[in-house]
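Asks: Chains as they are written, first to last, in the numbering used here: chain Z, 1 to 782; chain B, 1001 to 1161.
Derived by calculation from the structure, the hints in this document are not laboratory data.
A few of these clues could be false.
What the hints assert, rightly or not - Below, in silico cross-link-like pairs of lysine-lysine (BS3-like), each with a Cα-Cα straight-line distance of 30 Å or less:
(1) Z/35 x B/1073
(2) B/1003 x Z/119
(3) Z/351 x Z/305
To be verified - Some chain B residues well away from chain Z (every beta-carbon gap over 10 Å; in silico):
(4) 1055
(5) 1064
(6) 1068
(7) 1156
We put the CB at the ideal spot given by N, CA and C, even for glycine.
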Amino acid sequence: MSVSERDTLAKDTRPVQSIGVRKPLVDGPEKTTGKAMFAADFQAVDALVGRILRSPHAHAKIISMDTSKAEALPGVKAVVTEADCSDSYGVLPIAMNEWALARDRVRYRGEPVAAVAAKDVATAQAALDLIEVTYEELPAYFTANDARAVGAEILHDDKPGNIEREVDFDLGDVDQGMADADLVREVEVHCAEVCQVQMEPHAAYAEYDPGRERLTIRPSTQVPFYVHKMLSRTMGMADSHIRVIKPHIGGGFGSRTETLQSDLIAGLLARKSRGTVRVVLSREETFITHRGRPESHITMKVGMKADGTITATDFSVVQRGGAYSGYGIVTILYAGSMIYGLYDISSVRFKGFRVLTNTPPCGAFRGHGTVKTRFAFEGLIDDMATELGLDPFAVRRANLLVAPTMTENDLLVNSYGLDQCLDWAEKASDWKARKGKLGPNKGLGMACSHYISGASKPKHWTGEPHATIHLRVDWDASITLLTGAAEIGQGSSTVMAQCVAETLGVDMSRIRVIASDSAVTPKDNGSYSSRVTFMVGNASIDAAQNLKATLVEAAARKLEIAPEDVECLGEVFRGGQQDQGLTFDEVVMEALKGEGTITVKGTYDTIPESWGGKKYRGAAIGGTMAFSYAAQVVEVTVDPYTAEVTVDKVWVAHDCGKALNPLAVEGQVQGSVWMGMGQAMSEETQYHEGLLLHANMLDYRVPTIIESPPIEVGIIEAADPHGPFGAKEAGEGSLSSFLPALTNAVADAMGVRATSLPLTPDRLLELLEKKARDMRANGEAA
Amino acid sequence: MVKTVLSLTINGTNRDDVIPDNMLLVDYLRENVGLTGTKIGCDGGECGACTVLINDRPRHSCLTLAVTCQDAKVETVDGLSKDNRLSALQRGFDEKLGSQCGFCTPGMIMASEALLRDNPDPDEAAIRDALAGNICRCTGYVKIIEAVQFAADITREELAS
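Could you put together the complete structure from these sequences and hints?
Replies: Structural data, given as C-alpha cells:
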C-alpha cells in the first residue's frame, strides 16, 4: 500500500456500523441455493436406515418382547430396546422419567418401543413387523379431569393422582382487592392443544467409530448440549466420547428444546450396528413426538375500579401435560408467574395443575406457558372495559408499570416500552377514527403481551457463566467466532457476528461464525426462552472487547504510543488524525509476534436480582434480565352466514430494546403473530382413544399464504440497561397477544365473546346462533 | 422389482439411470443423484417443500414417480444459480429475509420461479395464488411475498437495461 493510499484509507475510515442495520442472515445464501445441509441430507453410501416400532396402545404393560426374528432377518444390523439404555432421560434434572425406548410400560399411542437399523427402508420396515410385543392394556386417560379422577390408574408411581405439579401462590391481598373493585367479572376459557409443526421433520444422523468407541451425531435440535448430556446418560458413555454437531435446523419453536427419542435412538442404533445410521421421522411421527402447547382450562377472575385500574386477579390453570414430565413443571409455573410483568398488578392468587395423561408429552412451545393465561386475561379485561364504558387502550394505560421496578413476585423489570407500543398500535391502526365505525360484521380488537429474554437461572445450575464465546484471529486476519448457540433459522449466528463487528468497528465480512460443534465450540445451553440475543450477544460483545484490547495493545507497540492514545477505527488503528495509522491486517501481524494465533474469550452472567423470587415454590420461573413488550391491533371481517373469520390486517408494536437487526426483528415478530393466528383460528390436535387424528399439515390446518394477513410491524426501542446494545428478545413476545386481539375483534364485530380456541367457524357459528336465540327470547330483532 | 432406464435432463445435464419403477422423483433426486436441496417436509403433498420444475411447471416431486419424467427437463433449487451468481429469487429470499430456517425455501423458490417465468410482473394476489401449496412456518409469508416482488422487480430492471 502506497503512502497516499494509506492516507486516504486513514482519512476515509470510520468504524463500520453493523448494529441497527438491516442485515440478511449470514447463512442465507446456503439456504436459498439448497446447499444448507439439514440432518436428513447426510447420507453416506453405507448409512443404515433407522426405523422405530411404536406402541399401538395408549396405556399398557409390556409383558414380553421378542426381537429374535427381526434380528435374524438378512440386512438387519441392529435392533435396540430399553435393555440397551443405561438410564432414563428428561430435560429437567428433577423429572427425568422418560426412556428412549419404553421400559415395562407404554403411556401413549405411538411411544417408541423398539428400533431397527437395516440396509434399506424395506428391510427396516419388514424387521419392525417381526418384533413381537405382548401388552396388557391398562385404563387410559385422555383428559386432565379423567386422569385426576379418584381411583384412576397412576401413570408414574411417584406422581400420585397423576399430578405432575400443583402450583399455589397468593400474593398481596386478593380478597381486599376484589372488595375494593367497582366491577368483578369471571371467565372460563378452554384452549386446544397445539403443535409446533416446524417445517423439518425430526431427524438424526449418527456415526459410530467402532475402533475408538466414539459417537458423532448430527441431530435436528435446538439444544445440542442437552442432547449431548442425554446421549451420554442413555448410552452409558463418557461425555468426552460423544461429539454433537448441529447441522442446519428447519425451525424449532420449542419442539426441539429437549432431547427427543429419535436423537437417542440414532445413537443407540449406531453403536449397536457399529456403523452409521440415519433416523428420519415421518411428519406423522413428528406430530406424535409432539412437545407442543398443552390443552388448558382456565378460570380467570379480575377486580377493576371504574377507571380501569386492576385491583385483584384470581385464576386457575389446568394443563393436560401428556404422558411424561418433560418441561411440565416449568410450563405450569410460567402460566402463573407471567401474569406479572406486563401491568402494574400486585394482588394475585393462582392455582395450577399440571396433569399426566395418556397423550404424547407436551413441551415448551414458543411463548412457553404464557400464551393461554394471556388469552384469558386480555379477553376478560376487554369485556370489563366495555362494561365500564372504557376504551380498550385506556384500560391498559390505566395499569402501566413504571420501570425500574420489581413485581410482587420478584421479577425484575428494568426497561418498559409498553406505553410506546400502545401509542404506535393505536396510531398505526387509526384506532380512534375507525373503532366502531367499520360497518357490519367488521371489527377491531387489541391486546398486549410480554416475554422473557432468557430464563435468568439455567436449568442445569453448574456455576458456569450463562454464555461463553471464543474469538480466534490468525495470520489471515479473519475473525472466527466460535459459539455453541444453536442457529435454528432465527438468526442467532448473524446477531453474534453483528455484535462482534460493531464492537470492533470492522465489516461483518471479516467474521466467520462456526456454531454448535461440541468438539470445537464452547458449551452453550441452546436456543430457547429467547435467551440467545441477550445472553450470547452480551458474551459476544465481551469477547470482542477483549480482542480489541489485544489489538490496541499491539497497535500501540507498533506505533510506539500508549494504548490509551490509540484510536481504533475498525479497519485502521492510529495515533491521531495526522497519523497514517496501521491497517487491521498489520495490527494482527504485530499482535501475533511472540504470541501466535490469538484466541480470546467472552462470557456473560445474569445478575442475582434477576433470578426471580422465593415467595412460593418455583418462583424463580419467570426471572429474567429483561422483558420484551408488545401491543397489537387486529382487524377482522366475519361472514355472518358461514362464521368464517378473515383477518384483514395486523398492526403490531414490539419493544425489543434495541433492534440489532431490524430486518430480523420484523421477521421474528411477523412469524410470532402469524403463529398466534394459527393457534387462535385453526390449529388443534385431536385424539380418538389416544390416537392422534389428522397428523398431517393439511388437516391440522397450518395457515397457508392465502389466509395469512399483512402484518405491519412497529419496532419500539425501550433500551434495556443490561441488554447487548440495549436489546431484548424479539422472537416470542408478540405471539400471545394475537389470540385475545382476535377474539376481541370478533367481539367488536359480532357482539359475542369467544372463550374456546381455536375459533373455528363451527365454534363461532354456535356463539352467533346462541346470541340470535337469546335476542329472540328477549323480543329483540336478531 | 421392475426397473427402467430413465433418461432426462436435470439442471441442464443429461443423465441415464436405472431406477425402480416405484421410485419417487424426490428420492431419486436426493438419494440417487445426490441433490439434497429439494426437501421432504411431510408424508406426501402437504407442504410443497419438494417442489421442482418439470418442463417449467411446478410439481411436487414427492407425488411424482421418477419414471414419469422420461425425457423431461427437471430443475431443482440446486441448479438455479448461473455463473456462480444467485438468481433473482435466491437474492430476494436472502436479502428480504423470505427465508428464515430455510427448509421451505427450495420449494418456495421453485414455485416462485415457475410463476415468474409465466408472469414476470405478478401482483400480490398472483403471488399468493402461486404459493398456495407451499407452507412456511417461520415468516408468516409477509417477507416471502416481498422477496418474490423484489425478484420480479430486479429481473424486469435487468431485462430493461
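Asks: Next, verify each hint and record whether it holds.
Replies: Against the structure, the hints come out as follows:
{"no.": "1", "hint": "Z/35 x B/1073", "in the structure": "holds (21 Å)"}
{"no.": "2", "hint": "B/1003 x Z/119", "in the structure": "holds (20 Å)"}
{"no.": "3", "hint": "Z/351 x Z/305", "in the structure": "holds (24 Å)"}
{"no.": "4", "hint": "1055", "in the structure": "holds (20 Å)"}
{"no.": "5", "hint": "1064", "in the structure": "holds (18 Å)"}
{"no.": "6", "hint": "1068", "in the structure": "holds (21 Å)"}
{"no.": "7", "hint": "1156", "in the structure": "holds (20 Å)"}
Of the numbered hints stated above, none is contradicted by the structure.
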